[in-house]
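**Q** Same order as they appear, the protein sequences are chains A and B.
Each residue of the first sequence is one higher than the one before, starting from 1 at the first, in full-length UniProt numbering.
Each residue of the second sequence is one higher than the one before, starting from 1 at the first, in full-length UniProt numbering.
What the hints contain is simulated information worked out from the structure, not anything from laboratory work.
Taking lysine-lysine pairs in the DSS-like style, the calculated list, with each CA pair at most 25 Å apart, reads:
1. A/LYS152 to B/LYS105
2. A/LYS181 to A/LYS152
3. A/LYS165 to B/LYS105
4. A/LYS31 to A/LYS181
5. A/LYS181 to A/LYS217
Away from chain B, derived, C-beta distances all over 12 Å, residues of chain A:
6. ARG32
7. SER64
8. ASP294
Where a beta carbon is used, it is the ideal one built from N, C-alpha and C, also for glycine.
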Amino acid sequence: MSRLQVVSGKGGTGKTTVAAALALALATEGKRALLVEVEGRQGIAQLFETEALPYEERKIAVASGGGEVYALAIDAERALLDYLQMFYKLGSAGRALKKLGAIDFATTIAPGLRDVLLTGKACEAVRRRDKKNAYVYDYVVMDAPPTGRITKFLNVNDEVAGLAKFGPIHNQAQAVMRVLKSPETAVHFVTLLEEMPVQETADGIAELRAAELPVGKVIVNMVRPQLVDEQALRTAAGEQRTEVARALSRAGLGGAGRGGVAERLVEPLLEQAAEHAQRVELEREQRAALAQLDLTTYELPLLGEGLDLAGLYRLAAELRAHLGAERAGGTA
Amino acid sequence: MSTSTGRPQAMAAAPALDIDPLLDDPATRIIVCCGSGGVGKTTTAAALGVRAAERGRRAVVLTIDPARRLAQSMGIDSLDNVPRRVKGIDEGAGGELHAMMLDMKRTFDEIVEAHADADRARAILDNPFYQSLSAGFAGTQEYMAMEKLGQLRARDEWDLIVVDTPPSRSALDFLDAPKRLGSFLDGKFIRVLMAPAKVGGRAGMKFLNVGMSMMTGTLSKLMGGQLLRDVQTFVAAMDTMFGGFRTRADATYRLLQAPGTAFLVVAAPERDALREAAYFVERLAAEDMPLAGLVLNRVHGSAAPQLSAERALAAAESLTAENGHGENLGEHGIVDQTDGNAGPRDATAATPQTPGSPPTPSTTQTPESPQALEHASAERAADSTDEDGADGVEQLTAGLLRLHAERMRVLAREQRTRDRFTALHPEVAVTEVAALPGDVHDLAGLRTIGERLADDQASPPDLAPSAPSPSV
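Let's have the full structure, built from the sequences with the hints guiding it.
**A** Take a look at the structure:
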């Protein structure tokens, strides 16, 4: 299991939710996971129903078996000052840079530098050790930028290493890339069974592979249950309207005769079912497209009542089962 | 939670957003579609463009990152950074549609070429720092989208520009872009950066005060001498065009505030998307940007809202569970036929694994005794001789009812999230777009979306799609 788990996905696929559930799933049995947010949306705080996260690592959840999840919303400006402090001991010079607007420049005008800081901070957390030389976090899970940006985001240090051909920035950039390109890292893609997210996932994986970054798993989110037999549906829509009306009537939903309450339900119900069948068909196509990617794929169910904290734990349990099955399934 | 039926009067609080008057009004010159990722911004922008053109406007759509098939269907899949006329538009009303996909790097290059003389332009375009900044780094998209908007507007060839916005990390980066640029250009940092290069390196250093030289020393230590030199050359070369850059950024910002601009916030009826939408609404108000309303995509409806989820489920139960074969029947209904080669009969015949139900033929067929009937039919299904018979109907009907219950739950959830938004922002006009089962990737699909956008019924009683999937 890689120690840095990067979770990407197209907007709207629930990537923050999956990242949070993954952190919970990994933090079982006394393990400690750090959940990192890089896009400044405070999505993690909302998921865990806590107040906005400050720029510090704080415990936000306890997983089953006594594990702990810490969370950190990385603030690029603070990260830069930290970084300056850590590497160059620039107390007052750092503040002077800030006054001059250099920090603004670094974090907003040249937004790529922001990515340098965000990836740098995450890798620092991965490598951090305590006094006994043990890793402080067993896992770092990153709620990363969306599929369209993920390769550039992770690869930004390569670019920096190319720009600054030597010196401390060059060395730091290379150190980050070493972590990101190693088996210590896995980049997962969250998708839905819809055409655009699946297409973007395929494109994202191709880009990641071209950049020699480690591709992890495909996580299909919000999978709907199949509630009706399509074949039976087709027959029913044709010939069995009367029978369906009678069945509705038997179930206590009113009269089955022409204009009866049950009879008037038949058409809307069949229409909804036809839409459903169409969607199932589209989903089947998308599953086939995903299968071509030749990656381990996890499916997570759609939670009918929307997502709350209980739902998050449920998704974590599902992920844990997947992870467990995989561990048991083979040592390869 | 006593009744989760339909969508009654709750939306009455939100005024309806009339799309057609907005599109038809010659005073409307720019429509900006913004919203979080994955809510259908690009599709909405394209659908608005198609509808405006077919209603007589000379419209151009600026898309940022359209789905491949959508781009292909509009003929803009080649990235050449100029608007292309879209074929297949009904131009009977005198309108036409052009569309383009934004090429960030080329847009940036064009600005450089337009503002610097040839030598300087070459120096900038060849600078490694510039190449990274223009091609790769996130955030550039926002600046360039607004720059392109300014360009299109300045050409004055179209009477309506519809803009899609980039899926920014913070939703309104594109609004901040001009301001940030401005504050940067006014800042001291840029002067520090430029100083040595401007005065010609070492010889000029002595004219700098001590603080300045300490600063460049620090920067040099941080960035390495060579990177600092690249940045300095870049900044110095850009210096001449910064003035123009800034004027344009300011002009674009004012353009966005002008009365001819209309912002549409696009969202889906989900918690996160509507939370972002609320944030947009607040930011737009704070920036004096004219908000036209909220487009709520992918709203679900039902033509049978009178039947609640609870009743539907109870009815489904009564059709399946009572006969004691609940599990078996459940599996029967939910069967996932992944290998779609099985015909109806094979599919059903393959499933019955009912060791516990001996095929005792029964002849009770009286509708007055449903239990007996279900019993009988369940056994017949197990016998797999007549799965189209009464038992098949019972299961099918139960399945239909469960589907309906699911739909009603979705409706109730969407209603709750929307009510929350409306409570916060009752003044925001809303139009809803009924969910389509599949993706949209052709003009017919965009037309359908356009019709749904314009159908200003805030709570359409009949959402049953007449043409569910225009493209498949």
